[in-house]
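Novice: Residues in the sequence shown are numbered consecutively from 3, following this note's numbering.
None of these hints come from the bench; they were simulated from the model.
Every value quoted in this text rests on a predicted model; they were computed, and no experiment measured them.
C-beta: ideal position from N, C-alpha, C; glycine also.
Take these hints with a grain of salt, some might be off.
Said to hold, decoys possible - Straight-line Cα separation of at most 27 angstroms, DSSO-like style, residue types lysine-lysine; simulated pairs:
| hint | residue 1 | residue 2 |
| --- | --- | --- |
| 1 | K57 | K116 |
| 2 | K66 | K116 |
| 3 | K106 | K56 |
| 4 | K66 | K88 |
| 5 | K88 | K99 |
| 6 | K124 | K56 |
| 7 | K57 | K124 |
| 8 | K104 | K116 |
| 9 | K56 | K104 |
| 10 | K106 | K57 |
| 11 | K116 | K99 |
| 12 | K60 | K88 |
| 13 | K99 | K56 |
| 14 | K65 | K116 |
| 15 | K116 | K60 |
| 16 | K66 | K104 |
| 17 | K99 | K57 |
| 18 | K88 | K116 |
| 19 | K106 | K116 |
| 20 | K88 | K104 |
| 21 | K124 | K88 |
| 22 | K66 | K56 |
| 23 | K99 | K65 |
| 24 | K60 | K104 |
| 25 | K124 | K104 |
| 26 | K60 | K124 |
Said to hold, decoys possible - Restraint-style ranges between C-beta atoms, simulated for each label pair:
| hint | residue 1 | residue 2 | range |
| --- | --- | --- | --- |
| 27 | R24 | F82 | 15 to 21 angstroms |
| 28 | K88 | P25 | 38 to 44 angstroms |
| 29 | M105 | P11 | 35 to 41 angstroms |
| 30 | F82 | K60 | 26 to 32 angstroms |
| 31 | Y100 | Q15 | 30 to 36 angstroms |
| 32 | P25 | Q96 | 37 to 43 angstroms |
| 33 | K56 | G80 | 38 to 44 angstroms |
| 34 | G14 | S34 | 15 to 21 angstroms |
| 35 | R95 | Q15 | 37 to 43 angstroms |
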Amino acid sequence: MVAQTLTPPIVGQLLQQAEQLRPSEFEQFLASVLALNARRKFNGLPAEEALLLKKINKEFSAKKMARFLSLDENRRQGIFTPEEHKEFLNLVRQLEKYDAQKMKWIGELALLRKVSLDSLLKQLGLYQVQHG
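Required output: the full structure, derived from the provided sequences and hints.
Specialist: Structure below.
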């Protein structure tokens, strides 16, 4: 007889709620869950690694991300004003700067741990290998 692990009811509720999210909202939720998981793993790490992980897991401003997603939706629907386009491009630049800084810190952590960048991205749950 194989032992089964019972899923706590709250997990089922969270999954049901996650199913209701739009794709962009779901991706933001997933990124937040992965960041939370990484933060929980900080205990017992050397100070320099913990600091880098803290920086890596610092999320882009939720308010700015929500606005970015809203503007992106308007862009996709073709209801983009010139002002929104300018704001969208500004947010894109901010997000790219944030991502570049994050990758710098990930590179530093990979060097510190003496592992490849791909390996570290997989360890952190930030990268999924696509086969096929």
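Novice: Hint by hint, say whether it matches the structure.
Specialist: Okay, the hints, checked on the actual structure:
no., hint, result
1, K57 - K116, "holds, 19 angstroms"
2, K66 - K116, "violated, 34 angstroms"
3, K106 - K56, "holds, 13 angstroms"
4, K66 - K88, "holds, 14 angstroms"
5, K88 - K99, "holds, 17 angstroms"
6, K124 - K56, "holds, 17 angstroms"
7, K57 - K124, "holds, 17 angstroms"
8, K104 - K116, "holds, 18 angstroms"
9, K56 - K104, "holds, 11 angstroms"
10, K106 - K57, "holds, 10 angstroms"
11, K116 - K99, "holds, 25 angstroms"
12, K60 - K88, "holds, 26 angstroms"
13, K99 - K56, "holds, 17 angstroms"
14, K65 - K116, "violated, 36 angstroms"
15, K116 - K60, "holds, 23 angstroms"
16, K66 - K104, "holds, 17 angstroms"
17, K99 - K57, "holds, 14 angstroms"
18, K88 - K116, "violated, 42 angstroms"
19, K106 - K116, "holds, 15 angstroms"
20, K88 - K104, "holds, 24 angstroms"
21, K124 - K88, "violated, 35 angstroms"
22, K66 - K56, "holds, 20 angstroms"
23, K99 - K65, "holds, 17 angstroms"
24, K60 - K104, "holds, 9 angstroms"
25, K124 - K104, "holds, 15 angstroms"
26, K60 - K124, "holds, 18 angstroms"
27, R24 - F82: 15 to 21 angstroms, "holds, 18 angstroms"
28, K88 - P25: 38 to 44 angstroms, "violated, 25 angstroms"
29, M105 - P11: 35 to 41 angstroms, "holds, 38 angstroms"
30, F82 - K60: 26 to 32 angstroms, "holds, 30 angstroms"
31, Y100 - Q15: 30 to 36 angstroms, "holds, 32 angstroms"
32, P25 - Q96: 37 to 43 angstroms, "violated, 22 angstroms"
33, K56 - G80: 38 to 44 angstroms, "holds, 40 angstroms"
34, G14 - S34: 15 to 21 angstroms, "holds, 19 angstroms"
35, R95 - Q15: 37 to 43 angstroms, "holds, 38 angstroms"
Hints 2, 14, 18, 21, 28 and 32, counting from the list given before, are not met by this structure.
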